[in-house]
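Novice: Residue strings, one per chain:
There are 2 protein chains.
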Amino acid sequence: MIVSINTLTQERYIIPEDLDDSKNINEFLLSNKGKKVIVVQGLGFVGAVMSLVCANAVAKDYAVIGIDLPSKDTYWKIKSINEGVFPLIANDPKIEEFFENTKNKGNFLATYDPLAYSYADVVIVDVNLDVQKKSYTSHMLKDFDVNLGGFKSAIATIGKNCKEDVMVLVETTVPPGSCANVVKPILEEELLKRGLSIKEYILGHSYERVMPGPEYIESIRSFPRVYSGIDARSAGDIETFLKTIIDTEACELTRLENTNATEMAKVLENSYRAMNIAFAVEWSRFAEEAGVNLYEIVNAIRVRKTHANLMYPGIGVGGYCLTKDPLLASWARKSFFGSESDLNMSVNSVSVNDQMPIYAFNRLIEVFGDLVDKSVSFLGVSYRGDIGDTRFTPVEVLVNKVREAGAVIKLHDPFVSYWQEQGCSVESELDVVICSEPELVIISTGHSEYRKSETISKLMNLKPTNIFDTIGLFSKKQLLMLQGRHKVSVLGRGDIH
Amino acid sequence: MIVSINTLTQERYIIPEDLDDSKNINEFLLSNKGKKVIVVQGLGFVGAVMSLVCANAVAKDYAVIGIDLPSKDTYWKIKSINEGVFPLIANDPKIEEFFENTKNKGNFLATYDPLAYSYADVVIVDVNLDVQKKSYTSHMLKDFDVNLGGFKSAIATIGKNCKEDVMVLVETTVPPGSCANVVKPILEEELLKRGLSIKEYILGHSYERVMPGPEYIESIRSFPRVYSGIDARSAGDIETFLKTIIDTEACELTRLENTNATEMAKVLENSYRAMNIAFAVEWSRFAEEAGVNLYEIVNAIRVRKTHANLMYPGIGVGGYCLTKDPLLASWARKSFFGSESDLNMSVNSVSVNDQMPIYAFNRLIEVFGDLVDKSVSFLGVSYRGDIGDTRFTPVEVLVNKVREAGAVIKLHDPFVSYWQEQGCSVESELDVVICSEPELVIISTGHSEYRKSETISKLMNLKPTNIFDTIGLFSKKQLLMLQGRHKVSVLGRGDIH
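Protein chains in written order, with the numbering used here: chain A, 1 to 497; chain B, 1 to 497.
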């Protein structure tokens, strides 16, 4: 008996052994007769919201089925959607609005039964594709691997069930070359096994630029998008389809020459960002050593248009994309295109970023001394401000280091009540976390709540204590005020410590 | 007898053994009585133009003396200025206009006699500070050194001659920490030796963001600028001075906390740019391997504000700054601040960029085959479009490789008539270079002349030949046209070769 725990409510669901969900699927299709059917494969941070966008498409009324595996981590999402509760917290009111619409229209179902694929006119692939980081040599990433197993089996499941004229649109971030070298052969193999034609299906790649947060929906629906097809016919059909889903009045839709190109664009985009962050890491250490304020320097440089993307110091990179996409790219270069070279700058960026919370810990000890038996409160556990996503959050590494150093820790986050990766609950009332007069407060996520004057007042009301700001959250004025009462250090600022 | 050759006219000057230029200096000061005297130390690509900016200051009438060593490479510039010919070619009409003004006003003199410092109210330091790149291990920069000898002796010369209340404004790009750790002690030592006070002088650092080209003057005069002083009094006086020189109506003037901070800002700025270019190098190779067009991908990504600085493929980095500034930074981190860490991302960027013309050569051979006895014409030798600067131009490495491969080469550049580093003349008439029907034309610099329809017509009139575009110079339309007649390959485009 396997149980799946709802990370929002901590409710427990027993996963059924029988995968037959045909009754629900057939009822759903009956009440959505005449509509084209979109199956979204994967109900994660992209797939779940992409399902809402499809069920609220700009130019067509679709019946949308979200499908995921009935596993420990995902089964509760299927249940939650069908019980009328959207399975993620985000401060974008459109998510609730769009979800309510689907309930009123009855055009969104979640399931785990692969039967759904057999009715799909379009399958949108939003499954995960992970990288296994194996070893570090003196802090640098030495070895990593990409296991395509799960991805291949997801594609095979489509091929085993789909119609021969299905449209498969891959949105998953894949190693460049995957549509041509992996998806196409698997789909065709499965279609041929079933005696079906391999001339009819449509295959393409298009990536979202989803940004969980207050613009979650619009970051999928109204943000410039790149797409490609496995051939000209596919590219044309994908374009026609995307124009029914995405608001192309509000954003550009750019066709690239082939699937290699769009797949490369996605990982290049994220590698670039990862590298920009890694650059800030290196210079943060230098700024601390030289006793200068890197924030002021970055501000002075960002006035140049050519340097407007320069990043500020911080605790590190988290989330699902920047922590692995550069590795997918480098892996593909060698595995699919026979190169002998890594993408060194991109791989090194991941290495540097992975070390960021360790640097933060070292600086903490340097400035505030040892932590044995100290009470430490973390403000924020998610990897980014105003979202509730803890995947690969750098805060986790810092929390572990601080705990190992002998501190007694408390965690606060307004967007995370249960921290799946750590298997612990997280306090959502700030008072509960700071009323006990912690000996050290660590600002670890840039939630806007922490910038509010109420929060500053609460911090000012504490007995003189230590504050370690890992992300440069406070304004100049707020910082001056806090410094008047507490010992404050900001990562990347060598001028105060 | 040492001779200095004018790189513009190839005129030869014999360098005098007697350094006494007091007659000229005294006459100049007599006719500029009552004016504050600015001495600009160094008449290179920054100092020469900075002198013009000072002699045409926005809010004050200064007497400006440009000073440089009477050496092989620089003596001719002193002569040229005093003979009424500005010693560099650039397509900024303001250079000629500003130079004419100084001739009319008689407020700009060039000299080699250190006597000039004794009259200076302000000395602006614009001397070179070089990095010695020592060895590469499998293409990566293994060892380099910073020799402060020349810089220290330039500062000592000021200290040996200056008034005790002189203002010294360092503009040279220095290893962060240099004003505090090098300039200040040397100046004070020399002042004390002469029995003068060390309480009166003013010392600060401010860097220009000069961009040789059509906005040469304005890039110094109307571009945001950062400054700092060795203490609060110095910072205030430097600010007051800069406001008389720079157009602060048109651009921000930002004070940073100390000289470490502004020195760091400068090298950070250039390291960031060097890294962005290195990133494009890595992905250009990948794009070529995967058969896709990196230009299209970059265009598709640059629509995102967070990615607007993403660079295009190219032949490489040249010029005096990006090829060494990241190394200055890394050197300073260890030498002045005791860190055990290099700035790895920054140092690696220089390594990668240094290899760019070698990659270009390898791609050339891959696409066009061997070069033995082939006639090859290079369009452009300077490191950047529409300027005549050949310092560390990547074209030099490519020219050497192509020559070593057995080709017979011709060089064209509208802005360079004599290539100092190669000791050869460069043709400025395009017809002369391409009328001989070269077997390969290499587009090596992005001069606007090459984009003009006349040039495209000339190329179209050649017998079918090979064109290797290392910088993505041509528009889509031009490229299509050229491809109709010639075999064309563009670096970073795997889709055509």
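Hints in this document: simulated from the structure, not taken from any laboratory.
Computed from a predicted model, the values in this text were never measured in an experiment.
Treat the hints loosely; a few may be bogus.
[Said to hold, decoys possible] Computed list of lysine to aspartate or glutamate pairs in EDC-like fashion (alpha-carbon distance at most 16 angstroms, straight line):
(1) Lys476(A) - Glu257(B)
(2) Lys134(A) - Asp121(A)
(3) Lys476(B) - Glu257(A)
(4) Lys476(A) - Glu289(A)
(5) Lys334(B) - Glu429(A)
(6) Lys458(A) - Glu429(A)
(7) Lys334(B) - Asp121(B)
(8) Lys243(B) - Glu11(B)
(9) Lys160(B) - Asp113(B)
(10) Lys60(B) - Glu252(B)
(11) Lys334(A) - Glu289(B)
(12) Lys305(B) - Glu252(A)
(13) Lys305(A) - Glu252(B)
(14) Lys458(A) - Asp431(A)
(15) Lys79(B) - Glu11(B)
Novice: Does each hint hold? Answer for all of them.
Specialist: Hint check results:
1. Lys476(A) - Glu257(B): Distance ~14 angstroms between lysine 476(A) and glutamate 257(B) Cα, so the pair holds.
2. Lys134(A) - Asp121(A): Not satisfied, since the Cα-Cα distance of roughly 40 angstroms exceeds 16 angstroms.
3. Lys476(B) - Glu257(A): 14 angstroms, holds
4. Lys476(A) - Glu289(A): 22 angstroms, violated
5. Lys334(B) - Glu429(A): Roughly 45 angstroms between the alpha carbons, so the hint for lysine 334(B) and glutamate 429(A) is violated.
6. Lys458(A) - Glu429(A): 12 angstroms, holds
7. Lys334(B) - Asp121(B): Answer violated: lysine 334(B) to aspartate 121(B) is near 35 angstroms, above 16 angstroms.
8. Lys243(B) - Glu11(B): Cα-Cα ~39 angstroms, so violated.
9. Lys160(B) - Asp113(B): Cα-Cα ~13 angstroms, so holds.
10. Lys60(B) - Glu252(B): 19 angstroms, violated
11. Lys334(A) - Glu289(B): The given pair, whose Cα atoms are some 10 angstroms apart, holds under the 16 angstroms limit.
12. Lys305(B) - Glu252(A): Measuring from Cα to Cα gives roughly 14 angstroms; hence the hint holds.
13. Lys305(A) - Glu252(B): The given pair, whose Cα atoms are some 14 angstroms apart, holds under the 16 angstroms limit.
14. Lys458(A) - Asp431(A): 8 angstroms, holds
15. Lys79(B) - Glu11(B): With a Cα-Cα distance of about 11 angstroms, the restraint between lysine 79(B) and glutamate 11(B) holds, given a limit of 16 angstroms.
This entry does not satisfy hints 2, 4, 5, 7, 8 and 10, going by the numbered hints stated previously.
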